[in-house]
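**Q** Each chain is listed here by its residues.
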Amino acid sequence: MKVFAVYNLKGGVGKTASSVNLGWFSAATGFRTLIWDLDPQGAATFYFRVKPGVRGGGKGLLRRKRGLDRHIRATDFERLDLIPADPSNRHFDLILARKKRPLARLRRALRSVRKDYDVVLLDCAPGISLTSEAIFAAADALIVPTIPTPLSMRALDQVREHLGELKQPPPVYPFFCMVDIRRNLHREIVLGNQGDGFLHSRVPYSSRVEQMGTQRRPLPAYAPNLAATHVYARLWDEILEREGMRP
Amino acid sequence: MIHPNEHFVVDAGTYEDLLATLEGGFSTRVDVESTRTETYYDTFDWRLYRKATQLVCRKQGGIVATLRTADGSIEGALSELPRFLRDVPAGPLRDALGPLLSVRRLMPVVRVRRRPRTVRVLNEDGKMVARVSADEIEASAPEARATWTPVAPCWTLRPLRGYDEDARAIGERLARLPNARRDPRPDLDRALTAIECEAVGRSSKFRLDLNGEEPAGVAVRRVLTKLIETVRLNEPGTLADLDSEFLHDFRVAVRRTRSCIGQMKTTLPTDRIEPFKQEFAWLGEITGPTRDLDVFLIDLDRWSDDDEAWAPLLNLVQRDQRSEQKKMAARLATRRYRRLLVDWPAFLDEQPVAGEAPEADRPIVEAASDRIARKYSRMVARGLKLDARRATGALHRLRIEGKKLRYLLEFFRSTFPAETVTPAIGALKRLQDNLGEFNDLQVQQATLPVLAQRLEAKQRVPAGTFLLIGRLLEQLARRERAVRREFRSEFKHFASDEFARLIR
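Heads up: the sequence lines are chains G and D, in that order.
If you're matching positions, the first sequence starts at 15 in our numbering and goes up one per residue.
If you're matching positions, the second sequence starts at 14 in our numbering and goes up one per residue.
The hints are simulated quantities; they were obtained by calculation from the structure and are not laboratory data.
Keep in mind it's a predicted model, so treat the numbers as computed, not measured.
Yeah, the Cβ is synthetic: ideal placement off N, Cα and C, and Gly gets one too.
Treat the hints with care, as some may be off.
[As the list claims (entries may be wrong)] Residues from chain D that keep clear of chain G, each with C-beta distances beyond 10 Å, as calculated: (1) E46; (2) T50; (3) R133; (4) D138; (5) M141; (6) L173; (7) R174; (8) T300; (9) A404; (10) A431; (11) V456; (12) L480; (13) S502; (14) H506.
[As the list claims (entries may be wrong)] Within a straight-line C-alpha distance of at most 20 Å, the following computed SDA-like cross-link-like pairs (lysine to any residue) qualify: (15) G/K65 / D/K505; (16) G/K113 / G/K129; (17) G/K24 / G/Y236; (18) G/K129 / D/D84; (19) D/K140 / G/T163; (20) D/K140 / G/R87; (21) D/K416 / D/E321; (22) G/K65 / D/R264; (23) G/K65 / D/F39; (24) D/K505 / D/Q338.
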């Protein structure tokens, strides 16, 4: 089981859209896939039309004996399941802080479903906190959606700097998203940062991607031929390649 | 935890009924796929069916075969319709089929025309909470131009993880429908019912209930009647060359008949029996060559791998088998054979005349016990005399005697206590397996050099083929030495007091 955290220090960069669409392609390529909506806003949960809330709230999720199994909901798509967001996720830091060895908690919780899934995507809330530390400890790799703006690039540098302080940091796979190549700024940043660990696929800005909120479905389910959809497919292939995974 | 699928068979239920049942609290969306035809395969003795397994083939570009078991399904692509295991390319499908099929031939058992239809059941948020598949199915016999018959609809509720309560509610609604019943059996069962075909396990074991006090003349006639029925039952499969097992069972019934006539001759009128004896000997003779080749093909199948050097040998034996099969079929179409099938049962149906044979009126249990005891002593005497390291003819004769003893035990087992006859047959079978393997090895070692000579006369047979044959002969000779050694311990048990007590 591979655990990917879709993470960025900054908000509004397309983390949820990326989690949901990459999750869709992961399932479509044959992997049994679980998306865990860790963001208290619950956007991924909303996109899949699943009711938010889990039994016992955030505490219930981390209860050692029961495992994650009872919180899992099937989505409408084959092989793609979801752990919905819970409003109490915003207190996740507090819940973790009360536990022994809080940083190992997420990893341990995921162990209970390791036989059921090949891929887990953690849809993370922005910020650096105890929760994100626990996510870094649980993830095999970080997928970092990045808008080509100076502030986003600065956030990426901060993440890398922070990870540099860890003993065994997971690899970081940043990629550009919401790219509007007509804008000089976007173009310059994209061209200036080619290589530098960035995945090659760049998700273009598209109002059709924003429609995920009204469609309440992953992008490939309603716009299979959109350019952005194809980019997500290639992005997933690139990630598989970097991780040496085969469908 | 995901709840398992639930299957509801609905006699005379329409698809509209299903949608109406689901309305109220839920909404529905329907996905329809295009109609496809599938063919279910099994062996003549329903080996897959008996293991709750189905092999389904459908055309999709090439041929896609799916093996459905209780643990899930395995798919594989085939280049032609499957007949034997060797037609399935190496891979998970072949690995799973191997132990089920062994050397048996696959035959189509039923064709199914399926229009897949899935109803998605949605809650008030438009989220799917369960699927109900309601495929429209028709079935037909595997023969071309057979007519299509509708199959009773089955609605399968497929719950989704995390939506157990919705699934339970939907399940209750379906269960409340008139004519609906929970029925977990696969579509195959309903398809077979629709074409009025019954999946019955065929067994080549001899089973007949006799009363020990019955006059031997009557009981022996009943045994022989049962045997000629078996001959008849296997005739169509033998003629069509469906599976070598039909001819095998055909021949076993003929051999049992000859053995029964010979062993129990004091219970039947000699003058009446004599002409039939010749006819059954003839029947054994004309079916022998095809059976020998069938056996050899099975052996080759077991020995060969994907090495192409096997091909010339395999082709040669296959060609021989086809030509012998044709000859045999022609002989089984003659008046001579047809007449035997009429005259023999007519004789067996006759009321026995009192005193027509010396032991005709003795209770069968006594007559049979005598024969069995005598046969057993003779076998022990023969076995003790021979030297298993060198003997060939003597081992062969011992095998024939063993067969006769075994047939006697099987014919009349219902007149003896099960606790003695069952272990006796079991122990005898072990000795017979040893002698049978010895005989097979003899035949194989005699046949292979002859085939090699014939191949030599042909052009373009690769040297690898001859190397294979040479290697094989070495292995067979080694195995023969081992089988000879094993004989001693098997025979020791057979000749022991413990075994002798069972027989007496």
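**Q** It remains to establish, for every hint, whether it holds in the given structure.
**A** Status of the hints after comparison with the structure:
1. E46: Holds, since 15 Å exceeds 10 Å.
2. T50: 24 Å, holds
3. R133: Violated: least Cβ distance 8 Å, not greater than 10 Å.
4. D138: Violated: least Cβ distance 5 Å, not greater than 10 Å.
5. M141: 4 Å, violated
6. L173: 4 Å, violated
7. R174: The claim breaks: D/R174 does not keep its Cβ more than 10 Å from every Cβ of chain G (closest is about 4 Å).
8. T300: Since the minimum Cβ distance to chain G is about 52 Å, D/T300 lies beyond 10 Å and the statement holds.
9. A404: The claim stands: D/A404 keeps its Cβ more than 10 Å from every Cβ of chain G (closest is about 59 Å).
10. A431: Holds: least Cβ distance 48 Å, greater than 10 Å.
11. V456: At about 49 Å from chain G, D/V456 clears the 10 Å cut-off, so the statement holds.
12. L480: 39 Å, holds
13. S502: 48 Å, holds
14. H506: 49 Å, holds
15. G/K65 / D/K505: 76 Å, violated
16. G/K113 / G/K129: Judged against 20 Å, a Cα distance of about 25 Å means the pair is violated.
17. G/K24 / G/Y236: 28 Å, violated
18. G/K129 / D/D84: Given pair G/K129, D/D84 holds - Cα atoms ~16 Å apart, limit 20 Å.
19. D/K140 / G/T163: At roughly 37 Å apart (the allowed maximum being 20 Å), G/T163 and D/K140 break the hint.
20. D/K140 / G/R87: 11 Å, holds
21. D/K416 / D/E321: Cα-Cα ~39 Å, so violated.
22. G/K65 / D/R264: 69 Å, violated
23. G/K65 / D/F39: Holds, at about 16 Å.
24. D/K505 / D/Q338: Violated, because 41 Å separates the two Cα atoms, which is more than 20 Å.
Taken one by one, the earlier hints fail for this structure at numbers 3, 4, 5, 6, 7, 15, 16, 17, 19, 21, 22 and 24, listed in ascending order.
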